[in-house]
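> Sequence:
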Amino acid sequence: MDSVLLDIHTGAREVVLDLTSRCEQFVSGRGDGLLHVFVPHATAGVAILETGAGSDLDLLAVLEDLLPRDFEWQHRHGSPGHGRDHVLPALIPPYATVPVLKGRLTLGTWQSICLVDTNRDNPDRRVRLSFLAG
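Counting in numbering that gives the first Met the number 0, the sequence shown runs without a single skipped number right up to 133 at its last residue.
Among the hints, a few may not be true.
What the hints assert, rightly or not - With beta-carbon atoms standing in for the labels, derived distance ranges: (1) Thr108 with Leu33: 32 to 42 angstroms; (2) Ala132 with Glu71: 43 to 53 angstroms; (3) Arg125 with Val86: 14 to 24 angstroms; (4) Arg103 with Arg75: 44 to 54 angstroms; (5) Gly133 with Ser20: 18 to 28 angstroms; (6) Arg75 with Asp1: 39 to 49 angstroms; (7) Gly28 with Gly77: 34 to 44 angstroms; (8) Ile47 with Arg125: 18 to 28 angstroms.
Worth flagging that the hints you see were computed from the coordinates, not collected in a lab. All of these numbers come straight from a predicted model, not from anything done at the bench. The beta carbon of each residue, even a glycine, is placed where N, CA and C say it ideally should be.
Based on the provided sequences and hints, a complete structural model is requested.
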């Protein structure tokens, strides 16, 4: 299995960051197999969704409705409402796996691989890309 670790700067705001082009570069020329995308953080996730047409902003809005910062979170270290960031991976898992055929991701037309990060306290993230040859 081949694996690389990407350093990603998300800043101090909530973000849905498209990683598709970096994933495409990683699998290019590798043949058939599986791409596994993993975020080794307790407060971020990986989602496959459409970006650029508002779905990414819709996702952040829905997460705010489902996991409001002003809720009485038991987990209270960090900035106010940081407990929600620790619940996020239960809804948006910290991983995704995508089939690769002939060195190309088999995503649908409007699908993108995205890092979902609502944690304003941690502006730097790591994402591990792993390729398991078929």
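> Each hint: holds or not?
Hints, verified against the model:
no., hint, verdict
1, Thr108 with Leu33: 32 to 42 angstroms, "21 angstroms, violated"
2, Ala132 with Glu71: 43 to 53 angstroms, "48 angstroms, holds"
3, Arg125 with Val86: 14 to 24 angstroms, "21 angstroms, holds"
4, Arg103 with Arg75: 44 to 54 angstroms, "45 angstroms, holds"
5, Gly133 with Ser20: 18 to 28 angstroms, "23 angstroms, holds"
6, Arg75 with Asp1: 39 to 49 angstroms, "40 angstroms, holds"
7, Gly28 with Gly77: 34 to 44 angstroms, "42 angstroms, holds"
8, Ile47 with Arg125: 18 to 28 angstroms, "19 angstroms, holds"
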